[in-house]
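Asker: Listed in order, the protein sequences are those of chains W and Y. Mapping of the first sequence onto my numbering: residues 1 to 141, in sequence order. Mapping of the second sequence onto my numbering: residues 1001 to 1246, in sequence order.
Worth flagging that the hints you see were computed from the coordinates, not collected in a lab. A portion of the hints provided could be inaccurate.
In silico lysine to any residue, SDA-like type, Cα no more than 25 angstroms apart, as pairs [claimed, not checked]: (1) K109(W) x V122(W); (2) K109(W) x V1102(Y); (3) K1138(Y) x T1077(Y); (4) K1186(Y) x V1246(Y); (5) K1057(Y) x N132(W); (6) K1138(Y) x I64(W); (7) K1057(Y) x A134(W); (8) K105(W) x A1058(Y).
Interface residues of chain W toward chain Y, partial, derived using beta-carbon atoms under 10 angstroms [unchecked claim]: (9) A19; (10) G31; (11) T42; (12) A45; (13) A49; (14) M55; (15) F63; (16) E66; (17) H76; (18) G83; (19) Y96; (20) W99; (21) T100; (22) K109; (23) I110.
Beta carbons are placed, not taken as given, at the ideal position from N, Cα and C, and that holds for glycine.
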Amino acid sequence: MKEIERFNERRGFSPVVSAVILSAVVLTIGGVLWAFSQSAMTISAEDYAKSMIEMTDTISERFIIEHVSYDAGILHIWVYNYGEVDIEVKVTYPEYLIWTEVSSKDLEKIDIIIELSPNTAVGINVESRRENDAYYRFVVP
Amino acid sequence: MHTTGSSCRRGTSTLMGTLIFIGIIFSAFIPMMLVMRQADTIYEKEKFQVGRLDEEKAMENIYFYLLPTIEDEPIITLKISNRCEIAVRIIHVWINGEPREVDLLISPTSNGELELGGLIDPVYPDPVSFSIMIVTDKGNIFLPQSGIPTYNLLGDGKWDMDFYTIYIMMLHPQSQLHILVQTTEKVYFDYPVANEEQGYAINVQDPGTYQIIVTKLLGKPGEEELEDTGFTISVNEVNPMALVIV
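One chain only, chain Y, in its complex shape:
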């Protein structure tokens, strides 16, 4: 009888102890584990997003030229070519060390244009040359592939160009190309373009109409086909620079 009573008391205590243990597990330990798991999930998600942002940043590849838009006014057009598989958003343009906020989204492997006016500040010394760079929303900085144009304010108020320039921009630099630039009298450029090259600036001294023939080598090795694309463009005092996108 004595033994039975003691077992009963121990049984009650064991039962209550078990209930309390289960209570602790469900009310404290499991919520703690859930909170920790959620924090881990947030961290992993952010790590993945940041990793993707870094990858996209590394992928960004744009190529741009400066083209004076109007002969007698200090307006520059930026011709921007997006060479990568992701869209690129241009957010800042730096002109002679001063930032300008812009917002230009360029789809993958396509082109965009930005027109920059009001470039002349009377306090700048004359002539003014333009140092321009662009910044993307992912923190990449790009410099122009073309030269730096100079604007002569106190002289004749025109763009200071000693020569005329034909830019040939390759949208798909992996293609094997051969470029021929010629007039009816003279051949100015007749070379194959290396795979890694993204564009060429060909300077010509004389204004006039130029014929450009771009030959693309298509297909597998041994089964190559040639595809010719022809362009005719004019460069002169009004349009000292011309852009051809291949």
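Excised from the complex, chain W in its bound form:
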């Protein structure tokens, strides 16, 4: 009988303690969820923005092979970047693995040492890092 009375006296603490514990649990889980979602969404937004900017640069690339000449065993290829973004290009014929930077509105000459016979038709392809390309057909004089 006494124990029941003692229990009834202690019941006053339980709702407060349980409310505090429940609140703490809600706040903790909520805070973790908040922090996680914020960082996840920030990363998602940054990734998306980065990919969109990369895509924007890709569609903005504009370049041409302005002129090609062959002189004393050297193939000269002039690439003109008339777009708004700087580009990096390589010549894919003949396979020439050095990347050359061409700033926006610049004309850049790429020299390739190669032996070509007169009257040989050469298809020159210049490809950018963003996988745009320009083609030029050249007949060796």
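Dock chain Y against the given chain W, drawing on the hints supplied.
Answerer: Just chain Y, lined up with the frame of chain W:
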């Protein structure tokens, strides 16, 4: 009493959960959506600008002739006619495979001139012929409508021309034209010009003064009016080429 306490706790938790949810929406989701929307806007804007650049590039239409400026010196004048609705900026001129940087802006449907001097390199074989092309800032390459003049350095040091040339350049190729080129003795050219033609190079063997009459057909079909425009020009050893812009 027991039921009321439990509801109260649940109510507090629900309220806090709602606040946290709203907090997540406002502090994470909405900023993310705004950043993504801004990136989309930048992409769309760039796509529009690039599309416009491509359209303008396709619209560019220029027409140019090479005219030796001075008989005894290797100086060439490029007479350039802009035939399109947008301004064209010439940035490179290629002379025998060597680029020269220039900057010439030509307004829509008007003309410009570029004088190119210092053309003779002593190491070039003689005689020198000039292969010239021009490049615009939008990446278009244009070749001259006239022939390639030759400069004979070791001979008499003059332009090598077997004939004299009168260029007639049409500013509005859509007009229907009839061209008559004549001297007092002889008619050299007397033909209608097709709509799509942009110019004519008429070679004449004799130096002298030529009269050119250009007849334009104006107005709607059935109500045509003829408008004659006359020019008198001279071609000779000093000026082997003459240009008439209609």
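Asker: All the hints need checking, so say for each whether the structure fits it.
Answerer: Quick rundown of the hints versus the structure:
1. The straight-line distance between the Cα atoms of K109(W) and V122(W) is roughly 17 angstroms, inside the 25 angstroms bound, and the hint therefore holds.
2. Proposed proximity of K109(W) and V1102(Y) is supported: the alpha carbons are some 17 angstroms apart, at most 25 angstroms.
3. The straight-line distance between the Cα atoms of K1138(Y) and T1077(Y) is roughly 23 angstroms, inside the 25 angstroms bound, and the hint therefore holds.
4. In summary, the hint linking K1186(Y) to V1246(Y) is supported, as the alpha carbons are separated by about 22 angstroms, within the 25 angstroms threshold.
5. A threshold of 25 angstroms between alpha carbons decides the hint, and for K1057(Y) with N132(W) the separation of about 18 angstroms falls inside it, so the pair holds.
6. For the hint pairing K1138(Y) with I64(W), the CA-to-CA distance comes to about 10 angstroms; that is within 25 angstroms, so the pair holds.
7. The suggested pairing of K1057(Y) with A134(W) holds, with an alpha-carbon distance near 16 angstroms, which does not exceed 25 angstroms.
8. Between K105(W) and A1058(Y) the alpha-carbon distance is near 18 angstroms, which keeps this suggested pair within the 25 angstroms criterion.
9. Look at A19(W): its Cβ gets to within about 5 angstroms of chain Y, closer than 10 angstroms, so that hint holds up.
10. Evaluation of the G31(W) hint against chain Y yields a held restraint, the C-beta minimum of about 8 angstroms falling below 10 angstroms.
11. For T42(W), the interface hint holds, the least distance from its beta-carbon to any beta-carbon of chain Y being 7 angstroms, beneath 10 angstroms.
12. Evaluation of the A45(W) hint against chain Y yields a held restraint, the C-beta minimum of about 4 angstroms falling below 10 angstroms.
13. Hint on A49(W) holds. Least Cβ distance to chain Y is approximately 4 angstroms, under the 10 angstroms limit.
14. Using the Cβ-Cβ criterion of 10 angstroms, the hint placing M55(W) at the interface with chain Y is satisfied: the shortest such distance is roughly 6 angstroms.
15. Checking F63(W) against chain Y by beta carbon gives a least distance of about 8 angstroms; that is within 10 angstroms, so the hint holds.
16. Restraint check, E66(W) versus chain Y: the minimum CB separation of about 6 angstroms is within 10 angstroms; hint holds.
17. Satisfaction of the interface hint for H76(W) is found here, the shortest Cβ-Cβ separation to chain Y being roughly 8 angstroms, below the 10 angstroms cut-off.
18. Checking G83(W) against chain Y: minimum C-beta separation of about 8 angstroms stays under 10 angstroms; hint holds.
19. Here the hint on Y96(W) is broken, as its CB sits about 20 angstroms from the closest CB of chain Y, past 10 angstroms.
20. Because the smallest distance between the Cβ of W99(W) and any Cβ of chain Y comes to about 21 angstroms, over 10 angstroms, the interface hint for this residue is violated.
21. At about 16 angstroms, the closest approach between the beta carbon of T100(W) and any beta carbon in chain Y exceeds 10 angstroms, and the interface hint on this residue is violated.
22. Annotation: interface hint on K109(W) holds; nearest CB of chain Y at approximately 9 angstroms, less than 10 angstroms.
23. Here the hint on I110(W) is broken, as its CB sits about 14 angstroms from the closest CB of chain Y, past 10 angstroms.
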